[in-house]
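Undergrad: Chains as they are written, first to last, in this note's numbering: chain A, 41 to 152; chain B, 13 to 131.
None of these hints come from the bench; they were simulated from the model. Hints should not be assumed to be uniformly reliable.
In silico BS3-like pairs for lysine-lysine, Cα to Cα no more than 27 Å straight-line [to be verified]:
1. Lys68/B to Lys118/B
2. Lys110/A to Lys54/B
3. Lys97/A to Lys110/A
4. Lys54/B to Lys51/A
5. Lys51/A to Lys97/A
6. Lys68/B to Lys93/A
7. Lys68/B to Lys83/B
8. Lys118/B to Lys93/A
9. Lys51/A to Lys80/B
10. Lys118/B to Lys80/B
11. Lys140/A to Lys68/B
12. Lys97/A to Lys68/B
13. Lys110/A to Lys93/A
14. Lys93/A to Lys80/B
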Amino acid sequence: DAGITQSPRHKVTETGTPVTLRCHQTENHRYMYWYRQDPGHGLRLIHYSYGVKDTDKGEVSDGYSVSRSKTEDFLLTLESATSSQTSVYFCAAGTGYNEKLFFGSGTQLSVL
Amino acid sequence: GESVGLHLPTLSVQEGDNSIINCAYSNSASDYFIWYKQESGKGPQFIIDIRSNMDKRQGQRVTVLLNKTVKHLSLQIAATQPGDSAVYFCAERRGTSNAGGTSYGKLTFGQGTILTVHP
Chain A
41 DAGITQSPRH KVTETGTPVT LRCHQTENHR YMYWYRQDPG HGLRLIHYSY GVKDTDKGEV
101 SDGYSVSRSK TEDFLLTLES ATSSQTSVYF CAAGTGYNEK LFFGSGTQLS VL
Chain B
13 GESVGLHLPT LSVQEGDNSI INCAYSNSAS DYFIWYKQES GKGPQFIIDI RSNMDKRQGQ
73 RVTVLLNKTV KHLSLQIAAT QPGDSAVYFC AERRGTSNAG GTSYGKLTFG QGTILTVHP
C-alpha cells in the first residue's frame, strides 16, 4: 500500500447521512487524491490536494467535499450520502502532480 | 486492448509464457503514462511509468513500449507467473498547452485487461 492507509475499509450507511472517509500517508507526498471506481468506468477523480489546505475539484466532485489539515491526512466527506455514491473509494498520493500515484487499499461504501 | 464498457478484455496465458497487454490512448498531447496492476479487493499497484520522450522502459520482468505514431502503449511481462493474475490498466496524463507553455493535465485511467495465468 506504499504507506497509504484508508479507513474504514467497509461501510454501510443510509441515504441522507453524512460520511467521512479517511486517508493517511507516511511518505510525505505533496499531492493526494480521492478517486472512485465503478464498473464500466475507469478510476474517476473526485478531489485532489496539492498541499495543506490547498484542494481542487476533480471530474465527479458534486456531493463531495475534502479537507487537508496536515500533510499526511486527507479526508473525503459525503455531506448527505445518496445511493449513487455507492462505490469503492481509493485514496492516492504522489510527489509529482499526476505522476506515479500510489494507492491505498480502498473503502467499499454502500449507501442504502 | 482496453475498451469502455462492462466487459473487460481478457488475456489467458500459461505460466512461464510472456504476456503482452495493450492500451490505446487518444490524446497526442499526452506526455506521461503509467501501468497499474489491481488484484481483486485491493488498490491499484504501480508497475512502471514512461514519459513521452521515451519509446521503451524496462523494469523487473516488465517492459513498457510506447508508440506515439499510432498512440499505443503496451506492457510486456516476462515469464508470467500465477501471481501476475490481475486486472492491468494504463493511465495517460494529458498535457495541455497554453500561451505560457505546456502544463500538466488530468490523469485518465483505462478500465483494464484481465490477465489470467494458468499453472
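Undergrad: Would you mind marking each hint as holding or not holding in the structure?
TA: Taking the hints in turn, this is what the structure says about them:
Using a Cα cut-off of 27 Å, the hinted pair Lys68/B and Lys118/B holds, with the two alpha carbons roughly 23 Å apart. Taking the CA atoms of Lys110/A and Lys54/B, the gap is about 26 Å. The hint holds against a cut of 27 Å. For the suggested pair Lys97/A and Lys110/A, the alpha carbons sit about 19 Å apart, so the restraint of at most 27 Å is met. Of the supplied pair hints, the one linking Lys54/B and Lys51/A holds, its CA atoms being roughly 16 Å apart against a limit of 27 Å.
In summary, the hint linking Lys51/A to Lys97/A is supported, as the alpha carbons are separated by about 24 Å, within the 27 Å threshold. Pair hint Lys68/B plus Lys93/A does not hold up; C-alpha atoms about 38 Å apart against a cutoff of 27 Å. With a C-alpha separation of about 14 Å, the suggested pair Lys68/B and Lys83/B falls inside the 27 Å cut-off, and the hint holds. Straight-line distance between C-alpha atoms of Lys118/B and Lys93/A comes to about 20 Å, which keeps the hinted pair within the 27 Å bound.
Between Lys51/A and Lys80/B the CA atoms are separated by roughly 43 Å; this puts the pair beyond 27 Å, and the hint is violated. Of the supplied pair hints, the one linking Lys118/B and Lys80/B holds, its CA atoms being roughly 19 Å apart against a limit of 27 Å. With a CA separation close to 17 Å, the supplied pair Lys140/A and Lys68/B stays within the 27 Å bound. Only pairs whose Cα atoms come within 27 Å are accepted, and Lys97/A paired with Lys68/B is rejected, the gap being roughly 33 Å.
Restraint check: the Cα-Cα separation between Lys110/A and Lys93/A comes to about 8 Å, which is no more than 27 Å; the hinted pair holds. Straight-line distance between C-alpha atoms of Lys93/A and Lys80/B comes to about 38 Å, which puts the hinted pair past the 27 Å bound.
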